[in-house]
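Chains as they are written, first to last, in this note's numbering: chain A, 1 to 516; chain B, 1 to 516.
Among the hints, a few may not be true.
Unchecked claim - Chain A stretches covered by chain B per the calculated footprint, using a threshold of three residues with CB under 8 Å from any CB of chain B:
#, region
1, 10 to 20
2, 58 to 72
3, 188 to 200
4, 444 to 454
Unchecked claim - List of simulated lysine-lysine pairs, DSSO-like, C-alpha gap at most 30 Å:
#, chain 1, residue 1, chain 2, residue 2
5, B, Lys313, B, Lys348
6, A, Lys5, A, Lys34
7, A, Lys373, A, Lys348
8, B, Lys34, A, Lys192
9, A, Lys348, A, Lys310
10, B, Lys313, A, Lys34
No wet-lab data here; the hints were simulated from the structure.
Every residue gets a Cβ at the ideal spot worked out from N, C-alpha and C, and that includes glycine.
2 protein chains.
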Amino acid sequence: MTELKNGWIKQISVPEPSLQNNTADAERVIAALKPALESENVSIDLGLLRRLPGLIRTSGPDLYAILFRRNHHWALVGLVPDADPAPPAGVAIDLGTSRVVLRLVNLLSGEPLAECSFDNPQVAVGPDILTRIHHADRPEGRAHLRDLIVNGLNQEITRLCRGCGLEPAGLFLAAVSGNTAMTHLFMGLDPKWIIREPYIPVINRPDPVKAADLGLALNPLARVFIFPNIGSYFGGDLIAGILFSGLHLREETTLLVDVGTNAEVVLGNRNWLIACAGAAGPALEGGVTKMGMMAGPGVIDRVTLDPDAKQFKIGTIDNLPPVGICGSGLIDLAACLFLSGMLDIRGKLVPERCDGRIRETEGLAQFVVVPEKDSGTGRDLTISQADIDSLVRSKAAMYTILETISQSVGTALHDLSAFFVAGTFGSFINPRSAISIGMLPDLPLATYRSLGNSSLGGATRLLTDADCLNEIDRIRDSITYLELNVNQDFMNRFSAAKFLPHTNRDLFPSVDREGP
Amino acid sequence: MTELKNGWIKQISVPEPSLQNNTADAERVIAALKPALESENVSIDLGLLRRLPGLIRTSGPDLYAILFRRNHHWALVGLVPDADPAPPAGVAIDLGTSRVVLRLVNLLSGEPLAECSFDNPQVAVGPDILTRIHHADRPEGRAHLRDLIVNGLNQEITRLCRGCGLEPAGLFLAAVSGNTAMTHLFMGLDPKWIIREPYIPVINRPDPVKAADLGLALNPLARVFIFPNIGSYFGGDLIAGILFSGLHLREETTLLVDVGTNAEVVLGNRNWLIACAGAAGPALEGGVTKMGMMAGPGVIDRVTLDPDAKQFKIGTIDNLPPVGICGSGLIDLAACLFLSGMLDIRGKLVPERCDGRIRETEGLAQFVVVPEKDSGTGRDLTISQADIDSLVRSKAAMYTILETISQSVGTALHDLSAFFVAGTFGSFINPRSAISIGMLPDLPLATYRSLGNSSLGGATRLLTDADCLNEIDRIRDSITYLELNVNQDFMNRFSAAKFLPHTNRDLFPSVDREGP
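Looking at chain A on its own, in the form it has when it is part of the complex:
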């Protein structure tokens, strides 16, 4: 019997019965598993038991057993002849509020097989989670939201499988990471108390659920692992992110930040973890500034300053004529405006330094980023002072959260050996720009590490390594959650951080700027 590296699959050989060993089929399978599991604590679902006698008598004695564990109890999820051409597979699911990402994984090799992403179909009910939670107040609404996401997943999973010659019935494990509200909606749990003081989820640590019980079109007995949460505002997606970052295994103290509508921050090392979440402001997601939008074709995602010409160099996705700007573009732009003196340290536009790019529309000052002749919309692309104020509040909130969490444990931000930035924010943001406006601390650029989709990465890790289950429990149990009470101290810090880059310039020695 070979033990495969991922731990969820064991290669077994089931002995034939005889008058000397007339143990039942199920018990012979369990006995064959015993050496690999160091446990006889294995249960076999009725659905598999019903197929078992035929299966072990026709498939030959050598089988892959796919298992899942809950504490010390194993569930046998599937048995596959080891001669089968299609490998047993699993699916990692990043259940985002706006966007859902799937990755098929070969459970034998641990290799990814295919990947896709799609808009969360619940957006039809409401783009924001709050609207959905209210919609879920009635059981019909809850069922509706569940149907939307489950049907969406089933459609995409089926398509993904077809693309690589797999049957959905050949998917035996799923790992789902999402925020607390999303995982509740996915499981059909009442999310009502998540948003009402004292902010109580239905469950922190869901048991593995059978795919059939969730309505997922995998093997009906497939076990679906849903990452645990710490509370209403600290979800399984971040636990998955910590798992993926390896933060919890390092000797030195490092930090992980995941920015969406909320900024979620984890600081720690292999001995302790502290976490908090706070509203970082929606400016970074797009949707607030008139020209702000999610990343997409023609969206400005890079802005650089030609210091001599005082000209911006604009980069758009797919190099199309610009139609709007996304979070990373906005941060770049703000940095350029500030470094060239067009913004003052309070974040206010300085008209006399703006080379005639200021326009007054409906009584509001607008800065023309792209004149109509160069834009993809046929109109000027502008941002207003109000848009910039919103960004400044966001960056101040972010820095204040970072400062608060690090000071709460007496760690200086400057001592961090690594600063992990998760998500699309982490992938696209230019740390240099974020430092210039004082959004991120002034660390050597090499300290910043983009993790990509760490939620999906953590879910994938679980599918490829059974030991992750213990790691996840350890992460969950070792996190101290810091409640960000907005007290006077926090507000003082926040006020100081509302300057560009900060009232205390000593914190940002690398930011070199002339001007008012």
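Go by the hints and put chain B onto chain A.
For chain B alone, kept in the frame of chain A given last:
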């Protein structure tokens, strides 16, 4: 928190959440259970999680939690406000091949609430288990047999509940005991290999199954415990019988016998158990002799001899005119015939001593038990020499099995301090008559103890005492199964036991008879 005596129910008080204790609903319930279970290893089904937030917020903090255990893992099956007028209940099911018996039990008090029995609807496919197993060869046949028994159970359970003001959804536990083939058919498992060498069940020790997965009309999350078997020919009904008898707890060695188509025998004490099963012959069940039948109105169940008048006194069920004879009546009759000298020690009718009650029909000697004028059928009720021969073979098989099992461990039958006789056989048989023909050993009559329906009794015990789960495991693990190889030694014993009461009269000192 009060601990209720049966162990499956705990009275808990779930603390309200607060900003200081913002643990999720499920985890607060589990924490409230922890002191009673000495474990946090509790899982809550999705179906219950979906109702949990509303349930704990509207019911008041005091609840009955109904649980079931599998090894060290608890499943929370239901939560009921302790102010509810209807008690949480369970159902014990004796899944007989011919007859099914149900008993509703109040889980709080342990008291039985109602009981009923009905013919196993699978009889429509075949009265004997072999026909049904062949019918189950095709998946449709298997589904058909399962539907028959499950629908039959659902109908009767619903009727029973209605009779005592309960809802089927208020049934949270079920305990099912039956022979190995019946439990396989009930679970929808392929019974094919049970009857083919080397006689392999699909499973020996089924996991608790959710009622919904079996199609049972209880609470969908109710856990159904199915008694484990030792093998194809030693079923959960006998494990339940041992549990009910207490055989496995006694210091002194005692014996349990359950007679149906097979005679199943267990011998042992708290240190060891040995068991065997053998064909005892169908003579005892009715259906072989022309007048033989199952117990029912007008059936002769008692025969006594008036030694002076050489007349039989006949007792019938409900005191109706006699229409046939059942197993206990047949044994009485044979004893009377033998003791009055109408049967010789070889079990042959002695015409000259039969007072003209012998009649020749179609060349066969018939003994008139009831002349037509007294019978309820308008015809003579007779038994033939062939019928008596069949009974003699059965009684010889029974005695030989008892002798073989006791000699295998060096225990003399005469040393037994108690001899438990289970089932309807045990309830109705007159041990004096059985001793007279040498079917049972010549022990003081007080040694014989009738257990009634010990299969149902064991199932009921499990519902009223969670510790039985360990007892059942201990019983299962401590039984040595003795394969009754029909070898020369066995055949020699069998030949000796075919005499009335036995070739060795010293074994039956109490049988006092004159005659040839």
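Violations among the numbered hints, reported as their numbers in ascending order: Failing hints, ascending: 4 and 10.
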